[in-house]
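Enquirer: Produce the complete structure using the sequences and hints provided.
Chains as they are written, first to last, in the working numbering: chain A, 2 to 533; chain Z, 2 to 533.
Keep in mind that a hint or two might mislead.
Below, a list of computed lysine-lysine pairs in the DSS-like style, where the Cα atoms sit at most 25 Å apart [what the hints assert, rightly or not]: (1) K418/Z with K516/A; (2) K199/Z with K510/A; (3) K176/Z with K418/Z; (4) K516/A with K516/Z; (5) K199/A with K176/Z; (6) K93/A with K121/A; (7) K507/Z with K199/A; (8) K507/A with K199/Z; (9) K510/Z with K418/A; (10) K199/Z with K418/A.
The hints are simulated quantities; they were obtained by calculation from the structure and are not laboratory data.
Number of protein chains: 2
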Amino acid sequence: MLFNRVNGKCQLLTKKGTTMKLKLMIACICFVLGIQNYNVSAQTQVERWKIFELTLNGPKTGNPFTEVEFSADFQQAGQIISLAGFYDGEGKYKVRFMPQSEGEWTYVTKSNIRDLNGKKGKLVCTPPSPGNHGPVSVKDTFYFAYADGTPHHSFGTTCYAWVHQGDSLAELTLKTLSNGYFNKIRMCLFPKDYRYNKNEPEYYPFEGEPLTKWDYTRFNPAYFRNIEKRIGQLDALGIQADLIVFHPYDRWGFENMDSVTNERYIRYIIARFAAYKNVWWSMANEYNLIRSKTIADWQRYLQLFAENDPYNHLRGVHNSGTVFTESPLITHISIQNRETARSYEYRTKLNKPVVYDECKYEGNIERPWGSLTARELTHRFWVGMINGGYVGHGETLLTDDLEQSAVLWWSKGGTLKGESPERIKFLKEIIESAPAYLEPVKSGSRNPWNINRLSFKEEYFLEYIPYEIQPVLHYLNLPEGKNYEVEVIDTWNMTIEKLPKLYSGKNNKIPMPGKPGMAIRMVRTDNGVAPN
Amino acid sequence: MLFNRVNGKCQLLTKKGTTMKLKLMIACICFVLGIQNYNVSAQTQVERWKIFELTLNGPKTGNPFTEVEFSADFQQAGQIISLAGFYDGEGKYKVRFMPQSEGEWTYVTKSNIRDLNGKKGKLVCTPPSPGNHGPVSVKDTFYFAYADGTPHHSFGTTCYAWVHQGDSLAELTLKTLSNGYFNKIRMCLFPKDYRYNKNEPEYYPFEGEPLTKWDYTRFNPAYFRNIEKRIGQLDALGIQADLIVFHPYDRWGFENMDSVTNERYIRYIIARFAAYKNVWWSMANEYNLIRSKTIADWQRYLQLFAENDPYNHLRGVHNSGTVFTESPLITHISIQNRETARSYEYRTKLNKPVVYDECKYEGNIERPWGSLTARELTHRFWVGMINGGYVGHGETLLTDDLEQSAVLWWSKGGTLKGESPERIKFLKEIIESAPAYLEPVKSGSRNPWNINRLSFKEEYFLEYIPYEIQPVLHYLNLPEGKNYEVEVIDTWNMTIEKLPKLYSGKNNKIPMPGKPGMAIRMVRTDNGVAPN
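Expert: If you want it as C-alpha cells, here you go:
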C-alpha cells in the first residue's frame, strides 16, 4: 500500500509542471521517504524469483490497450531485461519483474506517454526464503528442475475451468490442492464450453456484449486479475500453473479470433503472468481440434512466447490425435494418450521431457476417456513414470448429481472424490525421496513393456509390476558384489514392506503377496547390514 | 468284440490257402454273418464321423514300423479314400477310418505282406447320433463350424502335459473339463520338461533307453494308445484336441530328432489320430524357440499333414515371438500374444480365423506370463472375441504348494482353482446363444480399440466396455426405425439385467452401474414390445 501511496504522490507532483527548484524539492522528499534520487518507485526489495510490481498512473481516455506503449528496462551489472508493461484499467499501468539474480537492480520506464516514460527506480533482490525454488526448466534433456537446482518431478492434475467458477468453488479447489497430491495443474485461460461445464464464467476477457459483439481491442482487467490471483495462490502451494492459451471448447468466439487479436492477447498475458515463477505456457489443449489454426500458427505462438517471455518459461502444445513435434521451441512433449508406457519411446525419439498431460481420467461419466477406474489411472502413473515420463491426473466422478451441471474436478475443481489421488501422492513421495534423476533401464526379466525399472547408477532401483499380474514370487536381478535392501511396495494399498535380508546378484527370489499392482524398491547399502 | 472275433475267424480261414470251393464256402459263412462276399471285415456299421477300425494280424518279427507297408482304400460312389495303417504292437496292424458320408462303403487293404494285403470288407455309415456334429473346419473365412453346419465358437484351454501324468490325474482333468468351460484343449504329444513339469512321463514314445539311447525306428504303441484314449474322452465331452506335434520343452531329445524320424513320427500320428473327429494339428508350441527347425521345416510338416490327413483337420503353428504366416497351408492363425484386441487386425490382414491360443495365464507364479489376474484374463477373452477372434485360457495358480512340483492346470491338468473359467463359460454361453456368425463392427463411440462391438446384421449387437472403465451412463447407437431389447451384462459378476424399455436410433442413454467390465446386448424385437 505504501507503494501506491508513494507512487501516487510522486505523480501528483510531477503533473504540476516542473522547474529545477521543484525537482530538487521532490528529490529531497523522495530521499526522506527512502526512494533516494529516483523520481518513481515501488517496493524497494523483492525476494529472488518473486514479483516486483511497478504501477504508474496514466491516461484513461482513448484506448489505453492499443494507444499506449509502456515498458521498462531492468538493469544489473551490464545485463538489461526489457519487460512489456500492461494496462490494468482505471488509469493504472503496470510492469512486473521476476529477478533471477540477487543484489541491486535499477529500472527505467519507456512509453509514448510522457507520464509513463523515463520513470526510474531501483530495488534490491534478496535471497529466496525457504520453499522458494524459482521457476522450473528442463534439466539434463529429459527432466525438470527448479532454478535453485531442486528437482521437479511433475505430478500434474487438470481443472480446466476452475478459475471461472467464482470464489467459493475456487477456494475449495485450493483447499483440496493443499493436500499435496499434485505439483502442477492444467487450466484454461479462456472460459470453457463443454459437457459438464455449460455455465457462464464470472468475468469475460474482453469488453463488449457477451455472445454478440466483443471489443477485442479492450481486455477486461478484472478477468485477468482473477486468473493471476489464482496463479499466485497456486504458487504459494508449490503448484505449477500450466496455462492453456487456446482451446476448442468455446461458444464465445475466443477460439476463432483474428491473428492481430491473438497476438495482442499473447503479449498481454506474457506481460501480466510471466513474472509468476510457477507459470508454464501450453499453447493449446487438443491443438488438432482447433480448426481455425494451422501448424504455422502454433509455431508462431511458440515464437511469440520464446521471444517475449524473458524468463523462458516452459512451452508445450497438447494434442488430441497427432502429438505436436513441429517446432524446436517446445520445451517438452505434452501428450494426450492412454499408453503411458510409450514415454520411453517418445523421450528417446524426441530428446525432451515427456509429460502425459492427459492419459484419461478416473471417473464414471459416459465417455471412455472419463470413466477410468482408480486402479487403471494409478497404473498409468506408475507405467509412465517407470518408462521415464511424467503423468497427469484428472477426475470425472459423478456422485449423487448425475446432471450435466455436476461439479467434476477435471472441469470445475472442488473436491476430489476418487481413489487415485492418494495413490498418486504415494508414488510422488517415493519419487521425491529417491535420488535424482532416475533413469529407465531395461530389465532382465521379460515384461510387457520395454522398460519396467528406474535406476540411479547402481545405488537405487525401482521396479514396477503391472496391476494385471499378481505373482507370489518375483525374480529380481541386482548387480553382483553389492548389497541391496529390498522393499516390496503395494501401489494400491500404499504399504512398503522391508524384507529382513539383503540381496545381491541375479535371480533373487523375492516373496510377493500374490496381489496386483506391486513394486519393488532396491537401495544399495554398503555396510552389508540392512538400513533401518 | 464281434469285430475282433469275426476278423480273427476270417484270417484263420484265409491262412489255410484257398481253393474256389473254399472261397465259396467262406462267402456263404460271411453272408450268414452279414459280411456278404468280402473275405475280411470288422464292424459292419459306424456312425458318420465316428471311427471305423480294422485290425489285422501280421508279422511281429523284424521291424514292423519300417519294414511293413500297410494301408487301405475306402470307396463309395466312385470316391476312394486311401488311408495309411499303423502297427500297434503285438502283431496287430490297424487302419482307422472316419466316414464323412452316409451309406455303404467298401474297402480293400494293401501291403507288402501277403497276410495284410487285399483284405476286403464293407461297412454301412449311419446318420450321426445327437451331439455328434463331425469335425471342425473353417467357415466363411474367419469362423469355424462342425461338419454338420453347427457353429463352433472356439473357447480353448491349455493343459500341455496332462496326458503324461498318469490315470488318476487325467481322470480328474476330464472331470474338471466336463463342467463345460472349454471346447478345445491344447496338449503336447511329446512329454514336457519345463518349470512345474519336471516329472517323467508314464510312457515314452519310442523304444530304447530313456535319456541315453532311443530306437527312433520303433514307436511305443502304449504311449500313443494312452494319448488316443484321452483324445476319445475329450471327444465324448465335445472338446477339440489341439495336438502339439513339436515343442521346445524337452530333455529327452524329441525336439532334435532327424528329419527321417520326424516324418515317420508325423505319418504315424496321422495314421493313428486323424480318424478322431476332434483333432486339430498344431505343428508347434512356440515354433520360434525350436532352434533345430527352420521355416522350411514347418512348411514341410504342414505339407505332410495336408497331403496325408484325408480329413484335412485344422492346422496351425503357434509362435513365441513372430506370428507364423509363412505357409498357405495353415488353416487359422495361432497366436501367442497378450494383445487380443489385435484379432481384427490379424484376421483382416491374413484372411483366416484368428485364435489367440495363448494370451498369458491366470496365475501367480514368478513369470509375468503366468501371473495374470482373473479379471485381466476374462477381459482378454472379451476383447479378443469382440475383435473377431478366439481366445484360449490357461491357469498357473499356486495355492498351498509353492514348489516346482505343484500341479498347475496349464501343465498337468487336475482341478481349476481360478476365477476366470466361470466367467469364460459365461461369455461362451452368450456367444453360443447368439446368431452365428457375429461380425466385428466399428462403433460410433470412441474407444481404445478399433472395434468394440459384434453384430449379426441389424438383428443383434454385443458391445463390450473394457474393465479399466466404469461408466454410470453409456451412449448406445442403434439403427433407426427398429426396436431393440437392451440387456446390461456384468462380465465379472455374471449377471444380465434386461432394461424395461426398448431402444432405437442414436445416442440412447443407457444407465450403467459404474462398475468395470460391463457389456451390452441388443436384440431386435419386431413387435415393438420387449421380449420376455
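Enquirer: Could you check the structure against the hints above and give me the numbers of any it violates, in ascending order?
Expert: 5 and 10
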